[in-house]
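Protein sequence lines correspond, in order, to chains C and X. So the number in my numbering is just where the residue sits in the first sequence, counting from 1, plus 4. So the number in my numbering is just where the residue sits in the second sequence, counting from 1, plus 5.
What the hints contain is simulated information worked out from the structure, not anything from laboratory work. Ideal placement from N, C-alpha and C gives every residue a C-beta, glycine not left out. A few of these clues could be false.
Unchecked claim - Just a few of them, taken from the derived set where beta-carbon distance is under 10 Å, the chain X residues facing chain C:
1) 132
2) 174
3) 240
4) 246
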Amino acid sequence: MNLLLCGVNHKTAPVALREKLACLIPDVRSAYDHLKSWPEVSESLLYTTCNRVEVICVSEAPDEAATRVREFFACHPEIAPGDLDESFYIHRDQAAVQHFFRVAASLDSMVVGEPQILGQVKQAYREATEHRATGPILNRLVHKAFSVAKRVRGETGIGDHAVSVSYVAVTLAKKIFGELTGKNVLLLGAGEMAELALEHLKGQGVGNITVANRTLERGVKLAKRFGGEAVSLEEIPDQLLSADILISSTGAGDVLITRDQVKGVMRRRKQRPLFLIDIAVPRNLDPGINDLDNVYLYNIDDLKEVVEQGWQRRHHEAGKAERLVAAETLKFLHWLETLEVYPTIIALKDKAEVICQAELKKTLSQLGPLSPEQRQALEVLTGSITQKLLHDPIIFLKRNRRPRRPHQELDLVRRLFNLDPDRNGDYHEKK
Amino acid sequence: MHNLFLYLTLIAYFGATGLWLAYFLAQRESYYRAGTWVMAGGLVVHTLALIQGVWSIGSLPAATFGQALLLFAWALVAAFLLLIWRSPIKVLGALVAPLAALMVSGALILPQPHGTVSPLLKGFWLTVHICLTLLGYAALALACLGGILYLIQERQIKGKQFGFFYRRLPSLSQLDTLNYWCLTIGFPLLTAGIISGSLYAQHTLGRFWSWDPKEILTLIAWLIYAVLLHERLAVGWRGRRAALLAICGFLVLVCTFVGANLWLTGYHSFAGFIKTP
Chain C
5 MNLLLCGVNH KTAPVALREK LACLIPDVRS AYDHLKSWPE VSESLLYTTC
55 NRVEVICVSE APDEAATRVR EFFACHPEIA PGDLDESFYI HRDQAAVQHF
105 FRVAASLDSM VVGEPQILGQ VKQAYREATE HRATGPILNR LVHKAFSVAK
155 RVRGETGIGD HAVSVSYVAV TLAKKIFGEL TGKNVLLLGA GEMAELALEH
205 LKGQGVGNIT VANRTLERGV KLAKRFGGEA VSLEEIPDQL LSADILISST
255 GAGDVLITRD QVKGVMRRRK QRPLFLIDIA VPRNLDPGIN DLDNVYLYNI
305 DDLKEVVEQG WQRRHHEAGK AERLVAAETL KFLHWLETLE VYPTIIALKD
355 KAEVICQAEL KKTLSQLGPL SPEQRQALEV LTGSITQKLL HDPIIFLKRN
405 RRPRRPHQEL DLVRRLFNLD PDRNGDYHEK K
Chain X
6 MHNLFLYLTL IAYFGATGLW LAYFLAQRES YYRAGTWVMA GGLVVHTLAL
56 IQGVWSIGSL PAATFGQALL LFAWALVAAF LLLIWRSPIK VLGALVAPLA
106 ALMVSGALIL PQPHGTVSPL LKGFWLTVHI CLTLLGYAAL ALACLGGILY
156 LIQERQIKGK QFGFFYRRLP SLSQLDTLNY WCLTIGFPLL TAGIISGSLY
206 AQHTLGRFWS WDPKEILTLI AWLIYAVLLH ERLAVGWRGR RAALLAICGF
256 LVLVCTFVGA NLWLTGYHSF AGFIKTP
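Please model the complete structure; the sequences and the hints are all you need to start from.
And the structure:
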């Protein structure tokens, strides 16, 4: 049996194609009905995110299965047959396992280390189990992938470094204030990036939100969205007294708050820390403000610099994560190999059981009436003889899980005990 | 027996040092938990060693510099364990554990003069004086260590360089709160220590204050802390200035503790406490 993973992702397919493919999936039921109807595929899992549409399946005939998946992808009316030529990739066995682990651990993501992907895969797996599309191999693979993702998150710093401006602003605020609950936020101007940062801050449970904007109307609109209040630009000096975090993004083009202003305010604030973020270009806040004690001023370039550092660190950590994934992939493949011997062991035991029963039946009919004790003794006798005879071949199979030529040895055992009677080889003397 | 306990203490403190440093580098909760337990175990053995010392000489063993170091190390570890029970500043352990380990090693390495202890050093009030002062020192030492961490972290944030320390150190506000708590506990203890000492001096020597070098330096440190506490409460000083003053104050205290004993002479000097037969 083979593992097969195929699909398209953000590296191979443009967003237009991914969008169209993602439209295939909203109806999960019919997708799985489709997948399950193929005789080549015994287990399957389908997952889509904004960056990928992939199918992983277990198949005895991987080539045919891959063609089927491709046809399934191409059946969308808006997809031209040539669209998939460049973007459709097929991974087999080791490459498939590794790819799946990398996806779950967020190493294959557009934003490496972003945490959402794991949740999306979990959701997809839940749907697959609801439709009974997975089996022992995929179940194990998926659970292993979850544990790999958890280890990657815990043992490497891949998720530790902020990689967006608004997220950097929040982590910085936490390093200054500890907890953000109850901290007041003052917004100067109502830019898009300020809104994004505000959304992040709101998620941390900040206190009052105040929006100061040149056009009061727009300020009121934004304040309403976040449950805050709007003030005019003239009220800024008073507002500075109660604010803890200030985000400035006006297009004023000149300095709105000077160093001396802040210095005076700090005395009246009893030196409570003040975190100022100036994402406006040209800057709204006097750069000299950063020299004051207990005041921390960051402009857009500073934040971008932090984002850049975060990226570099993430990529560095991703190297560690790749090594971890590679090691876990080998472990999983090893398990998969041991899986192959079990059908043979079961066949062996079944065959012995059948012979036992047949011979017992024959003997019992010849011996005439026996007491239940005698009958049981005979059963135990035959059972233990076959068990002891089979013991060594089974141990041989289990211990030789990784011989140089696993399939040959497995084949030898099957031939030795004639476990596949329909197979007519020249080794088998025809009677 | 006494030394056996001390060696066990030393092993525990060095073990805790390793675990805390590992925690600081790897940021894994398990290391920090193990470090706390090893340190607490060390404190228990350390306490046994001190009890044994009290048992054998009949008063608090504080007659030599080594013995005083042992007492101070005990107070520091006890104060730290009390602190992390209530506060999230765990990385402080990476500074406290090695400090305690070094002080206990110092106590074991320094010569231990034999002889009769001056009768001046036996007495209930003197024990109270030593205990209060050392507990005050311990709290103020934590304020100083917290201040060092604050300055490092503030430098990272102000300088916009987010390196090794930025991720590992706690937030500025937590470090500043540590400074405040340690100060509000350490300062009254130090004050009470000074008052009990001067009462004892009046009782035995007939004067409250003798302007001995240790007393002068302690007074300077006390004034620094008094200014800091006053400004904190009245004007709202915090952050960098508070951290700097806490460090300065403790450096003066270290001078009184080490300097006054080793290089200066006066009736507080350890040299006068033991009369060699």
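Quick rundown of the hints versus the structure:
Interface hint at residue 132 of chain X: violated, since its Cβ lies 39 Å from the closest Cβ of chain C, which is beyond the 10 Å cut-off. Restraint check, residue 174 of chain X versus chain C: the minimum CB separation of about 8 Å is within 10 Å; hint holds. Of the supplied interface hints, the one on residue 240 of chain X holds, with its beta-carbon coming within about 7 Å of a beta-carbon of chain C, less than 10 Å. The beta carbon of residue 246 of chain X comes within 7 Å of a beta carbon in chain C, closer than 10 Å, and the hint placing it at the interface holds.
Checked against the numbered hints above, the structure violates only hint 1.
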